[in-house]
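**Q** Sequence:
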Amino acid sequence: MFDRPGSGERAILVCVGLGHAPEPDRIEEFTALARSAGAQVLDVMPVTRKSPEPRFFVGTGKVDEIKARIAELKADLVVVDAALSPGQERNLEKALECRVLDRSGLILDIFAQRARSFEGKLQVELAQLEHMSTRLVRGWTHLERQKGGIGLRGPGETQLETDRRLLGKRVKLLREKLSRLQAQRTTQRRARQRGHVFSVSLVGYTNAGKSTLFNALTGAGTYAADQLFATLDTTTRRVFIPGAGKLVISDTVGFIRQLPHTLVESFRATLEETVQADLLLHVVDAASPVRDSQIAEVNKVLAEIGADTVPQVLVYNKIDLTGAEPRAERDACARIAAVWVSAATGRGLEEVRGALTEYAAAAAPPVAATA
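Taken in order, the sequence shown gives residues 0 to 370; the numbers are from numbering that gives the first Met the number 0.
Mixed in with the good hints, there may be bad ones.
Mimicking PhoX-like on lysine-lysine, the simulated pairs with C-alpha atoms at most 20 Å apart in a straight line are [claimed, not checked]: (1) Lys-73 with Lys-61; (2) Lys-61 with Lys-93; (3) Lys-171 with Lys-120; (4) Lys-93 with Lys-66; (5) Lys-61 with Lys-49; (6) Lys-120 with Lys-176.
No lab work stands behind these hints, which were simulated from the structure alone.
Model the full assembly from the supplied sequences, consistent with the hints where possible.
**A** Pasting the structure below:
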């Protein structure tokens, strides 16, 4: 029987590239993810494969290399930059005699650390339980067989079955609580719509500067830091902009490549603020060498939640790191399509306010003529 190893913080990272070597920016991002979760990164091992190996995801030779590195560095955690199946995770843990975590588990752990609001904690717990449900068998193998004999007979089900039943009850309870919170959000949203309040949502790749821009526009003072997933909880503020009137601006959770599907599902109620918005400010890290791929990843998640039809303005942030000048760019229809700003220094904020004014004016209901 196999009992799952205990976890720790001394980690070896395994970055897998399928068909090519893992890109340097991907390795850098995965390392930042691990450190955001509190891991002490001892080594990063790049792996190139044509396709995933069914048993371990990586080849048996690479498993031997990782095991030797674990012994050399006295690591107690291996984190793989891929979505492992429960079987692959279990097989790696048996072979390495070390706790193994995949990319989804790592992101879920970061979300669990950063959630602050009641709703955020419920959403993260739901995602964790759904992720865990397929992995229960590993932690309970020592309890799968019922004992016999007088005084030792069980209640008719194994510990594994009991745990699954309790987990199912908890998932149902969490869904009911989130459903009630979603109903409250819907009521608040309808009130804003009746009052013709223009709604704006900030979206973007994690650490692009959404919260910094949100604070600059609203003066909210929400937490902002140079780290991945610094804030998770959606924050909404009313703000008055001359020419645009009263607006509602929402700061939402950041996206990342291979965002776990369970997280997208759990945060769907929160992300409905994005779906129902009148305008999306898509904040982009202008200093990132892979900003185009980050834009594509955000647009992919927006399409998944049904927000790809909402009007969008690209906000190229962090121009203080690139030397670019603040400006606004227009599309073929003469609408503002992109603005270049530095939320940290305030340069270009007038261009952002100009875009909000333009779109709010276009969406305003016509004024009835007086006799």
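**Q** The structure should be examined with respect to each hint, and the outcome stated for every one.
**A** Verification of the hints:
Of the supplied pair hints, the one linking Lys-73 and Lys-61 holds, its CA atoms being roughly 18 Å apart against a limit of 20 Å. Simply put, Lys-61 and Lys-93 have alpha-carbon atoms about 15 Å apart, close enough for the 20 Å limit, and the pair holds. Distance hint between Lys-171 and Lys-120 is fulfilled; the C-alpha atoms sit about 15 Å from each other, no more than 20 Å. With a CA separation close to 11 Å, the supplied pair Lys-93 and Lys-66 stays within the 20 Å bound.
Between Lys-61 and Lys-49 the CA atoms are separated by roughly 14 Å; this keeps the pair inside 20 Å, and the hint holds. Straight-line distance between C-alpha atoms of Lys-120 and Lys-176 comes to about 11 Å, which keeps the hinted pair within the 20 Å bound.
Hint compliance for this structure: no hint is broken.
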